[in-house]
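Visitor: One letter stands for each residue in the lines below.
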Amino acid sequence: MKTPDNQEDDLTLARRTAAGDQSALALLYERYADPLFAFICHYLGGSRADAEEIWQDTLLAAIQSMETYRKQSRFFTWLCGIARHKIADRLRCRGQPAVVFSEISNKQLAELLEKGPLPEDILARRETRLRVVEALAELPAEYRTALTARYAQQRSVEEVAQLLGKSYKAAESILSRAKAAFRDRISQQDTE
Amino acid sequence: MNDPREHIDDNVARLIQAGFAAETRPDPAAHARMFECLAYHLQRRQSGSVFPEWIVIAIVGIVFFLAAWLAVQFDWTGMRLNMTLLCLLVASAVFLNILFIPIAIIIILIRRGYV
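If you read the protein sequences in the order shown, they are chains A and B. Residues in the first sequence are numbered from 1 upward in steps of one, following this note's numbering. Residues in the second sequence are numbered from 1001 upward in steps of one, following this note's numbering.
Source of the hints: derived by calculation from the structure; they are not laboratory data. Glycine is no exception: its CB is placed at the ideal position from the N, C-alpha and C atoms.
Derived EDC-like pairs: lysine to aspartate or glutamate, alpha-carbon spacing no greater than 16 Å straight-line:
1. A:LYS107 with A:GLU127
2. A:LYS71 with A:ASP9
3. A:LYS115 with B:ASP1010
4. A:LYS86 with A:ASP57
5. A:LYS115 with B:GLU1006
6. A:LYS71 with A:ASP10
7. A:LYS115 with B:ASP1009
8. A:LYS107 with A:ASP184
9. A:LYS169 with A:GLU158
Selected chain B positions facing chain A (in silico; Cβ < 7 Å):
10. ILE1008
11. ALA1018
12. PRO1026
13. ALA1039
14. LEU1042
Assemble the whole structure, with the sequences as input and the hints as a guide.
Guide: What follows is the structure, given as structure tokens:
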């Protein structure tokens, strides 16, 4: 599928950030700060205050070790790895048990997606929500903006068009391609 | 019969609502504050690790001067050096500097993440 590829590569941005380029930092921040916050919120399953602290610790740790990112994984996966460590450290310090996840494969999720209305218990599961965040984070910025504005913020197609600076028709077409790309990502994630 | 694409579109919308709800987004003030904090850390990290240019030029100049002095002291016809303590110190300084060039290159490459 053709996706907008005008985005600068994450590895290049990470290298530029490691070299002190603030405009590269701003681009990475715009792309990943919000999805990372959502990831941590779902992972912790509650406390927003804790999520905010871990989010800050994770981003600061990422800045400190930016030069160690070498595209062995996607940039967002790398960030989530740091966040998982921070969460595990915090739980250990408080003597709380580690977070345990139940299994749901992407194949299962992709099948359920096509079968009929998704059951509420699947939507409420932490694993499902984490996958949604990961899938969204890996989409091109334009697709992610369109999907979150339309569905998470419940904006009209006209408002999405204004947000993207496109015509109504173009926004509709972007939304349709974004949905298809999102479905692809959801069904691919655990095969990679 | 229901169109399966309708289910899919509806499910995608519900998934995004569940995964990216308003309460899972940082508030705009925290978002802006965090970026300022990161930019500050990045700037501080950079300014702490920059080696002033004039020191580099001075070190290179001193090493060249010592190497030139050593060359003048060398007896080129007899191909030998009258090894005084001063000569020994200067020769050590020059050769240690030459020896550290490849080591410095390796360290720089590792720190910048190329190796």
